[in-house]
Structure formats: C-alpha cells, structure tokens
Amino acid sequence: MKNKKIKLLVIGILLSSFFTVHAQTNKLPEIKFISPSNGATFNVGNAITLNISASDSDGTVDLVTLFQGNAGGTVIKTFDNPPYTYIVSQTTPGNYIYSAQAFDNIGGMKATSITIKIIEMPPTPTPIDSNTGLVPCDGSAENPCGFDQFLTLINTIVNFILFVMVVPIAAIIFAYAGFELITSGGETSKREKAKKIFTNVAIGLIVAAAAFLIVKTVLSIVGYTGTPFLK
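The sequence shown maps to residues -23 to -1, 1 to 208 in mature numbering (1 follows the signal peptide of the UniProt record, and there is no 0).
One thing to keep in mind: the hints can contain errors.
Result set (SDA-like, lysine to any residue): computed pairs, CA atoms no more than 20 Å apart in a straight line [claimed, not checked]:
#1 Lys170 x Ala152
#2 Lys167 x Gly155
#3 Lys94 x Asn15
#4 Lys9 x Thr55
#5 Lys170 x Ala154
#6 Lys87 x Ser14
#7 Lys9 x Asp35
#8 Lys94 x Ala48
#9 Lys9 x Thr92
Label pairs and their calculated CB-CB ranges [what the hints assert, rightly or not]:
#10 Asn23 x Ile138: 54 to 62 Å
#11 Gly155 x Ala188: 24 to 32 Å
#12 Thr194 x Gly22: 54 to 62 Å
#13 Gly200 x Ser66: 50 to 58 Å
#14 Ala188 x Phe151: 18 to 26 Å
Calculated from the structure, these hints are not laboratory results.
Cβ atoms here follow ideal geometry from the backbone N, Cα and C, with glycine treated the same way.
All chains should be modelled from the sequences, with the hints used to inform the complete structure.
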C-alpha cells in the first residue's frame, strides 16, 4: 500500500513537471506590419494596403485580428490563414492607429500597432503665364529678367508703334484725304490739300517702315531670337 502511494506520488510529480515545463516553454507568436511603415504619410482618399506578417516558431498561428485603433478596439478584419492583407482608406486628415493580434494554437497572443498620418492633398498650383506682360519675365528668381528680355521689350514697343498706332492712324488719314479729294468739287485748294496729305502719309509710312527694318536688323545682329520678326 505504501509503495502504491509512492508510485502515485511520483507519477503526479512527473505529470506536474511535464505540464509546467510545456506551459513555460511555449513561445508567443511573432507579428508585425510589413507595410506601411510606422509614421507613414498618405493623402486623403488614398488606398492604403496593410500587410501583416505572423508566425509561430513552436506551433501555428490560428488567428490574426486587425483593429482600427488599439488592440481590442474596433475589429475591421479577422484572418484564419495568410495572406494577412487588407486595404483601407481615410477621408479625414489626422493620425490613425492600426493594431493586429496573433493567436497561436495553444492560446498564446502577441500584438503590434502602427500609426499613419492622413493629410489633405495640396492644390495644384496654377501655372503662371510668363508671356502676359510686355516681357516674358517677372524679375523673380524663377523667371529673372535679362538682356534678352530687354530686347523683347524693344521689339514689343516697335511692333506696337507700327502696327497698333502708325498703320491705323495712317489709314484714317488716308480715308480723310480721300474724302477731301472726292468732295473737292474741282476746287483746287482742296485737291492740293488732299494730295499733300497723301504725300505726307506715304512719307511717314516709308520712314516708319525703314525704322522698323533698322530696329529689326539691329535686334538680329545682337542675337535676339525671342520673338518672330513680325510679332
């Protein structure tokens, strides 16, 4: 009877030691976010792929749970098997926490989390048209004014004087002279006045055209290539 009790005691001690050793040597599963990295930044509305890696060195991973917020918060997805991947999107700027828990085959659990930042996408800047003024520059570091812009200014002024002022004015004076000639009724003074106007306008146009050609030639000699010849 005494020997039987001793045997039962020994068996009990061995079983207790066995379960104690196994309980103490169970390794918790490993879990981490492969992507995105902690602190990553995304624009509002971007699709964000959460990739999770989970493994267990002395058993199997039975369950992976994904949370928005800290572990134990709002469950957004559970996985029984890999791949542990889920796509999320946020419409409001701010910092967002995503957490994941892995459970092994004997109940061991480990958790991990990351924080990502959602920002508003900056508006696309409106391109600045550098050709809206007298010269295609504004004096800024990005668009400085140089000698070529000075030549552009001269070219613009010459074109304006000849084509916007001289030619229209000459046309008006020609029309006036023609009116005087038609309505002269044979009156010598009016006819002479009209002829004189015609002559002066013609001379003025010749002088303006000559000046225009001289300026354009000089601009070409000094290497100006910014604007076509007649623009």
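Taking the hints in turn, this is what the structure says about them:
no.	hint	in the structure
1	Lys170 x Ala152	holds (13 Å)
2	Lys167 x Gly155	holds (11 Å)
3	Lys94 x Asn15	holds (9 Å)
4	Lys9 x Thr55	holds (15 Å)
5	Lys170 x Ala154	holds (8 Å)
6	Lys87 x Ser14	holds (19 Å)
7	Lys9 x Asp35	holds (18 Å)
8	Lys94 x Ala48	holds (18 Å)
9	Lys9 x Thr92	holds (13 Å)
10	Asn23 x Ile138: 54 to 62 Å	holds (56 Å)
11	Gly155 x Ala188: 24 to 32 Å	holds (26 Å)
12	Thr194 x Gly22: 54 to 62 Å	holds (59 Å)
13	Gly200 x Ser66: 50 to 58 Å	holds (56 Å)
14	Ala188 x Phe151: 18 to 26 Å	holds (20 Å)
Violated hints: none; the structure is consistent with every hint.
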